[in-house]
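We have chain V; now place chain D onto it with these hints.
There are 2 protein chains.
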Amino acid sequence: MKGIGVGLLGFGTVGAGVFHALRNQEDVILKRTESTFEVRAVLVQNADKKRVKEVEPLITTRFDQVMDADVQVVVEAIGGIEPARTYIEQAMVAGCHIVTANKELVAKHGPELERLARNNGVQFLYEASVGGGIPVLGTLLHLLKSNRIYRVSGILNGTTNYILTRMADAGVSFDQILAEAQEKGYAEADPAADVDGFDAVYKLSILGRLAFGAHIPVPEVRRKGIRDVTAAELELIARLGYRLKLLAVGEQYGEMGPISLGVEPTLLPSSHPLASVNGVHNAIHLEGDLVQDVTLVGQGAGEKPTASAVVEDLCNLSLPVPRRSLDEDPLLLPAAESGGTRFVFLNPRNTGILDADTLRQRLESIGLTVEGTAVSSQGGAGLILRRWDPSFASVLVAELGLDLSNLTTRPVFGSQGVQADQQQQVGSGAV
Amino acid sequence: MKGIGVGLLGFGTVGAGVFHALRNQEDVILKRTESTFEVRAVLVQNADKKRVKEVEPLITTRFDQVMDADVQVVVEAIGGIEPARTYIEQAMVAGCHIVTANKELVAKHGPELERLARNNGVQFLYEASVGGGIPVLGTLLHLLKSNRIYRVSGILNGTTNYILTRMADAGVSFDQILAEAQEKGYAEADPAADVDGFDAVYKLSILGRLAFGAHIPVPEVRRKGIRDVTAAELELIARLGYRLKLLAVGEQYGEMGPISLGVEPTLLPSSHPLASVNGVHNAIHLEGDLVQDVTLVGQGAGEKPTASAVVEDLCNLSLPVPRRSLDEDPLLLPAAESGGTRFVFLNPRNTGILDADTLRQRLESIGLTVEGTAVSSQGGAGLILRRWDPSFASVLVAELGLDLSNLTTRPVFGSQGVQADQQQQVGSGAV
Chain V
1 MKGIGVGLLG FGTVGAGVFH ALRNQEDVIL KRTESTFEVR AVLVQNADKK RVKEVEPLIT
61 TRFDQVMDAD VQVVVEAIGG IEPARTYIEQ AMVAGCHIVT ANKELVAKHG PELERLARNN
121 GVQFLYEASV GGGIPVLGTL LHLLKSNRIY RVSGILNGTT NYILTRMADA GVSFDQILAE
181 AQEKGYAEAD PAADVDGFDA VYKLSILGRL AFGAHIPVPE VRRKGIRDVT AAELELIARL
241 GYRLKLLAVG EQYGEMGPIS LGVEPTLLPS SHPLASVNGV HNAIHLEGDL VQDVTLVGQG
301 AGEKPTASAV VEDLCNLSLP VPRRSLDEDP LLLPAAESGG TRFVFLNPRN TGILDADTLR
361 QRLESIGLTV EGTAVSSQGG AGLILRRWDP SFASVLVAEL GLDLSNLTTR PVFGSQGVQA
421 DQQQQVGSGA V
Chain D
1 MKGIGVGLLG FGTVGAGVFH ALRNQEDVIL KRTESTFEVR AVLVQNADKK RVKEVEPLIT
61 TRFDQVMDAD VQVVVEAIGG IEPARTYIEQ AMVAGCHIVT ANKELVAKHG PELERLARNN
121 GVQFLYEASV GGGIPVLGTL LHLLKSNRIY RVSGILNGTT NYILTRMADA GVSFDQILAE
181 AQEKGYAEAD PAADVDGFDA VYKLSILGRL AFGAHIPVPE VRRKGIRDVT AAELELIARL
241 GYRLKLLAVG EQYGEMGPIS LGVEPTLLPS SHPLASVNGV HNAIHLEGDL VQDVTLVGQG
301 AGEKPTASAV VEDLCNLSLP VPRRSLDEDP LLLPAAESGG TRFVFLNPRN TGILDADTLR
361 QRLESIGLTV EGTAVSSQGG AGLILRRWDP SFASVLVAEL GLDLSNLTTR PVFGSQGVQA
421 DQQQQVGSGA V
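Respectively, the protein sequence lines represent chains V and D. Residue 366 in full-length UniProt numbering sits at position 366 of the first sequence, and the numbers go up by one each step. Residue 386 in full-length UniProt numbering sits at position 386 of the second sequence, and the numbers go up by one each step.
Keep in mind the hints are simulated off the structure, nothing from the lab.
No distinction is drawn between identical chains; accordingly, a pair holds when it is met within one copy or between any pair of copies.
Below, simulated DSSO-like cross-link-like pairs (lysine-lysine); rule was C-alpha separation at most 30 Å, straight line:
(1) Lys53 - Lys145
(2) Lys31 - Lys145
(3) Lys224 - Lys184
(4) Lys31 - Lys108
(5) Lys224 - Lys108
(6) Lys184 - Lys50
Just so you know, these numbers come straight off a predicted model, no measurement behind them.
Chain V with its partners taken away, still in its complex shape:
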């Protein structure tokens, strides 16, 4: 039996969750790993705050006292860039393994921290930074090693997924649901990190790095939040047979090939596996050349699921991490502007929208390929147009006598992909 000393940085939701999990799972961990983990120091900002009795003797406000407490692993649960980054670097240099849940830090400084870890012969693990309890990074690292992953798509932010789900179900505005979520504590007082897509961008950047072996700097990942989504738009989307999700999509075109990474509100056909992922669940769809596709769904946040990911990393410190070369300067592709299927929302301020059938006929008469039309009682309309071209926007404005500012377009994901996949499966006789 090996007793491994743990230094815990931070005692918020994640830190406290890890502390309790290490106690509650001690016997299981011992049985399966022949190790025990003992928290020997807990770094906090305010030592005077009342905490559970077992933690009190371990509390310190000084990082050097953590390092002096005979710790072999540092669990960083502070969040943000500084002082987390400096502490991690110092701990690595002192020969400590690092386990962290800090997506912003891993997204922005992952490559250099990994180099530092390698140079100091320590592990740097961060399963909890993406998808909460879902073991997606471990799956990519250890269980899909022989696969060339060419696409990663997912619902990576629980707060926005909760807001979009509630807006669609209750038919009320973004502001109203956001206020409700803040009141109940599901959304932060400053919701920007979630609703403007930063959180999902960090996670997509980490996923992309592991899946494609390439580092895309965070500012270069396309990002669009959900602030402009309206209940009227969601109602039309539902009537067209789709769901709107803040979808993160990463694709690589060939091994070491160019990469596209982006987060934006995207329509999924209701039958798509990710469309039924509601509320605070997260989901990640991985596509590889051999496995075809694997989807992982689970709790994207919360004390226990996040603690699960951190504790699983601790249990796997002795697992050899497979070598993955990292392309630090990959070719980045812009968003595809044309060729796909696109949803167009003509918002209720527009007047003179006809019924759905007449609208379809008018659009078809000017040469557009229309997959669906829906008209709302409030005067707005939704269109699903195939073979989209950016010039269609001005065509629509001219033909329907609209103001361009009243027109929102969203990508539609996976409808043809899903059908093609099912075709392929059935065709291969693979049942």
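Structure of chain D alone, referenced to chain V:
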């Protein structure tokens, strides 16, 4: 770079898939594992059959020639018990690692083969035996080590899931869809292993062993197939807001506690994550005390996904397998006979079924808790009854003047569970 010699037993769909995958993924495998795998012998029954040129020189019909070909791993892709079992035992004794896709063998003889592997210092890996390409066994072994898994539920057989999906969509009989599936090659000429639930039972038995650390002999796993499912029943189930799936469910009550394992046609609310798993997809829902729940969805069979699982096992031969004690004589619980929610199908031969509302009133007037009623135009009816008690069957027969043979009941899974989970998530502020 290490060149590892592979002996391949069998060259059907799985064997050929592994052969081609090892060639196509060679560079990826080398990059990530610093190893190459070289197939040095291929055991077949009929050496005269025409095969791709690269395989011809490796073909043999004699197992001893495989063992003489400088192989360090044997991939068993024959299926069934004998001669697969004898070959595996001989290879282990000769110091070879084993990778197999053989669910029947692993379910029936896994514990003794694992002992033999341990005694000979070799690995015995079988990811491909459950869920095709879905890396569920690796997830249980390596990525959920600190979790106490208390429930495993899943759609583990693609053929029956395809048949039930097609029957529900097309509204035609089991026999008709089975014949169609056989004609197209999605179902075997002898469909018993699939439609009578044996295949799913093997897989559930393997999952239960890894999840609960307990071996339940295959004959003791409850098993009910899908032969008695009718299109009329599926129509009523859909109208009640549910889907019928051949669901495998394993539960453990407390660590090393009693276990329940069973496969049978089961209703899921349409909103349940497993309800939208259609066609040949497989899905496994894992529930643990820390992670809460993780669902894995993917291709349950087919040349490439199965080859993916086999090749991933090859890449992980050097990964230490965590110790798991095995309770070889666990307490087995019978199916819960009462207390849950149950669907009752009164089949169309019954006469005198009233409209749905009157039916509900009549059932409520005799004290039943009715969640839903639906009546078919063909005279049958479907009921969802809460707090089920086996005595209800005779009450229904007496009250509605039925013949008992016209009454089918099915368990309803997860409706309250799902709601409770969502409640809990939201309640914990975990977004």
